[in-house]
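Based on the sequences and whatever the hints tell you, model everything.
There are 2 protein chains.
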Amino acid sequence: MIKNINHIAIIVPDLEGALAFWEGALGLKVGGREAVPAEGVDVAFLPIGESNVELLKPTVADTGVARFLEKRGPGIHHMCFEVDDIDATMEQLRAHNVQLINEQPQVGHGGRQYAFVHPKSTGGVLVELYQLSDE
Amino acid sequence: MIKNINHIAIIVPDLEGALAFWEGALGLKVGGREAVPAEGVDVAFLPIGESNVELLKPTVADTGVARFLEKRGPGIHHMCFEVDDIDATMEQLRAHNVQLINEQPQVGHGGRQYAFVHPKSTGGVLVELYQLSDE
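Protein sequences appear in the order of chains A and B. The numbering used here puts the first residue of the first sequence at 3, with every later residue one more than the last. The numbering used here puts the first residue of the second sequence at 3, with every later residue one more than the last.
Some clues are possibly wrong.
You can't tell identical chains apart in this list, so a pair holds if it fits in one copy or across any two.
Okay, derived cross-link-like pairs now, EDC-like style, lysine to aspartate or glutamate, Cα gap no bigger than 16 Å in a straight line [to be verified]:
1. K5 x E52
2. K122 x D16
3. K122 x E41
4. K5 x E72
5. K5 x D87
6. K5 x D86
7. K5 x E25
8. K31 x E52
9. K73 x E41
10. K31 x E105
11. K5 x D89
12. K31 x E18
Quick caveat, the hints were computed from the structure, so don't treat them as lab data. Being a predicted model, the structure only gives us computed values, none of them experimental.
Below is the structure:
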């Protein structure tokens with residue numbers, strides 16, 4: 003049901019500075035970059051095995067990621083699991099009294115469905131679920 | 003050179019409570035549990051694809067993980083990349099003026115070699131490198 007870790011999302015104040023470490027020093031390769039104005043972020047993906055390091059730079063004030071950067075500084079923001087059936091996973095979590103941030107799957111870029119699980123229910127970790135569109 | 007995300011380490015106040023979410027609700031399976039008195043932690047691994055969720059419960063005061071839990075509460079502590087040649091990776095990082103916490107690879111359980119990279123050099127993320135013993 004849970005297939006893999008799709009990505010680890012890291013909030014950074016600027017992408018170029020972050021890429022100096024992740025790409026320049028560590029040697030990961032950038033798989034893609036995009037501006038996502040609807041979510042107030044610029045994003046860079048660096049694939050690694052079946053996962054990605056996802057760098058998120060807030061571009062708009064007062065979003066969750068902008069507040070995170072302001073309050074806690076740069077660092078890991080959330081981890082995202084790819085599931086084969088997001089509706090079934092959400093139902094299973096609800097059956098265990100797990101609090102969801104999104105009560106219904108949201109539809110994002112490329113048709114992927116996603117939902118966040120509240121850190122209150124995971125022991126302090128913001129968990130995202132993905133169901134990719136091509137499955 | 004970087005093969006995959008070996009694990010995401012999450013610090014928790016108690017393993018049973020954490021497993022109620024990760025195993026009971028989310029459905030991951032525990033691959034192993036062990037007490038590591040030398041590092042002051044009880045550990046549970048939950049494999050997921052080529053990676054693991056690693057739950058760490060501090061068992062000794064005044065360690066890095068115990069202080070993390072006390073100051074920041076439970077949550078993601080570090081991410082660990084498996085590399086095929088830890089000496090070469092560390093040399094490459096030094097060549098890019100990246101600050102390492104361990105100047106030499108440490109030898110852990112099962113003969114694996116590991117080293118931590120300082121969050122100052124990564125943009126706020128504590129990064130661990132692993133070279134597994136069987137390679």
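Within, between, both or neither: how does the pair K31, E105 come out at a Cα-Cα threshold of 16 Å? neither (35 Å within a copy, 25 Å between copies)
Identical-chain pair category, K73 with E41, by Cα at 16 Å: Neither: 19 Å inside a chain and 30 Å across chains, both beyond 16 Å.
With 16 Å as the alpha-carbon cut-off, assign the pair K5 and D86 to within, between, both or neither. within (7 Å within a copy, 24 Å between copies)
How would you label the pair K5, D87 (within, between, both, or neither) given a Cα cut-off of 16 Å? This pair counts as within: shortest intra-copy Cα distance 10 Å, inter-copy 28 Å.
Pop the pair K5 and E72 into one bin, within, between, both or neither, using alpha-carbon distances up to 16 Å. Neither: 33 Å inside a chain and 33 Å across chains, both beyond 16 Å.
Could you place K5 and E52 in one of the four classes (within, between, both, neither) given a Cα distance threshold of 16 Å? Both, since 10 Å and 10 Å are each at most 16 Å.
Intra- versus inter-copy proximity for E41 and K122 (alpha-carbon distance at most 16 Å): neither (23 Å within a copy, 27 Å between copies)
When Cα atoms must be at most 16 Å apart, do K31 and E18 count as within-copy, between-copy, both, or neither? within (13 Å within a copy, 38 Å between copies)
Please work out whether the CA atoms of K5 and D89 approach to 16 Å or closer within one copy, between two copies, in both situations, or in neither? within (15 Å within a copy, 32 Å between copies)
Go through the copies and call it for K122 and D16: within, between, both or neither, with a Cα cutoff of 16 Å. So K122 and D16 pass the 16 Å test across copies only (15 Å; inside, 29 Å).
Intra/inter-copy verdict for K31 and E52 if alpha-carbon distance must be at most 16 Å: This pair counts as within: shortest intra-copy Cα distance 14 Å, inter-copy 19 Å.
For K5 vs E25, is the C-alpha pair at or below 16 Å within one copy, between two copies, both, or neither? between (26 Å within a copy, 14 Å between copies)
In this structure, the earlier hints numbered 3, 4, 9 and 10 are contradicted, and the remaining ones agree with it.
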